[in-house]
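Chains as they are written, first to last, in this note's numbering: chain A, 1 to 114; chain B, 1 to 114.
A few of these clues could be false.
[Said to hold, decoys possible] Keeping only pairs whose Cα atoms sit at most 35 Å apart, straight-line, the calculated DSBU-like set for lysine-lysine is:
# : chain 1 : residue 1 : chain 2 : residue 2
1 : A       : K101      : B       : K13
2 : B       : K13       : A       : K111
3 : A       : K68       : A       : K54
4 : B       : K15       : A       : K71
5 : A       : K56       : B       : K57
6 : B       : K52       : A       : K101
7 : B       : K57       : B       : K15
FYI, nobody ran anything at the bench for these hints, they're computed from the structure.
Because the structure is a prediction, the values reported are computed rather than measured.
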Amino acid sequence: DQQVKQNSPSLSVQEGRISILNCDYTNSMFDYFLWYKKYPAEGPTFLISISSIKDKNEDGRFTVFLNKSAKHLSLHIVPSQPGDSAVYFCAPRQNRRGTYKYIFGTGTRLKVLA
Amino acid sequence: AAGVIQSPRHLIKEKRETATLKCYPIPRHDTVYWYQQGPGQDPQFLISFYEKMQSDKGSIPDRFSAQQFSDYHSELNMSSLELGDSALYFCASSLGRGGRYGYTFGSGTRLTVV
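Generate the whole structure from the sequences, applying the supplied hints.
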């Protein structure tokens with residue numbers, strides 16, 4: 001039972017354009033959502049997050065949108081740069097009486113074309 | 001700033017051999033998590049430790065065991081290795097049980113079983 005789905009395994013975008021990465025989840029108890037970025041042969045690194053009480057969080061070129069009713073979040077990167085080429089993981093947080101656990105999606109491989 | 005250190009970076013073992021992976025968390029982090037990422041798959045949670053005690057268990061095979069030591073480093077012991085154990089093994093650490101704002105990942109150990 002996959003609680004977190006990133007239905008696009010890969011995405012190619014031209015440099016300077018917008019990249020939109022999507023994530024759908026099934027567990028309405030997730031209270032915090034993280035995006036991780038992963039380069040080959042490196043561990044995932046934290047990129048941006050959003051609390052379930054918000055619907056938008058922006059950090060520079062990166063914006064995350066949360067639609068709780070649709071159980072959907074998306075990461076927008078604008079303008080996209082070649083250095084953004086990586087695998088992006090959506091990781092919602094499950095909170096059980098103060099113990100947190102992150103469930104990782106399957107990842108979307110973004111390729112930004114120069 | 002110090003990051004999560006994993007050793008070795010690469011490891012090649014034969015079937016039925018044993019392997020030990022080590023993880024050194026960020027200083028003052030008291031929680032360690034182990035993830036396994038097979039080829040083309042999303043990271044799967046194996047096990048976690050908080051203050052040297054197992055705090056959560058995921059899809060860790062019975063052939064694997066892990067522990068966290070008094071200096072908070074952790075070791076993942078894998079016995080009777082199978083070809084399917086070939087994967088990238090990530091360790092992550094956080095301050096506090098569960099990592100309220102996410103984990104910091106190491107660069108991973110790539111295990112190849114031949």
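Now for the hints, and whether the structure bears them out:
1. A:K101 / B:K13: holds (31 Å)
2. B:K13 / A:K111: With Cα atoms ~33 Å apart, B:K13 and A:K111 stay inside 35 Å; holds.
3. A:K68 / A:K54: holds (9 Å)
4. B:K15 / A:K71: violated (43 Å)
5. A:K56 / B:K57: This hinted pair holds, its Cα atoms lying about 33 Å apart.
6. B:K52 / A:K101: Given pair B:K52, A:K101 holds - Cα atoms ~18 Å apart, limit 35 Å.
7. B:K57 / B:K15: holds (25 Å)
The structure fails to meet hint 4 from the earlier list, while all remaining hints are met.
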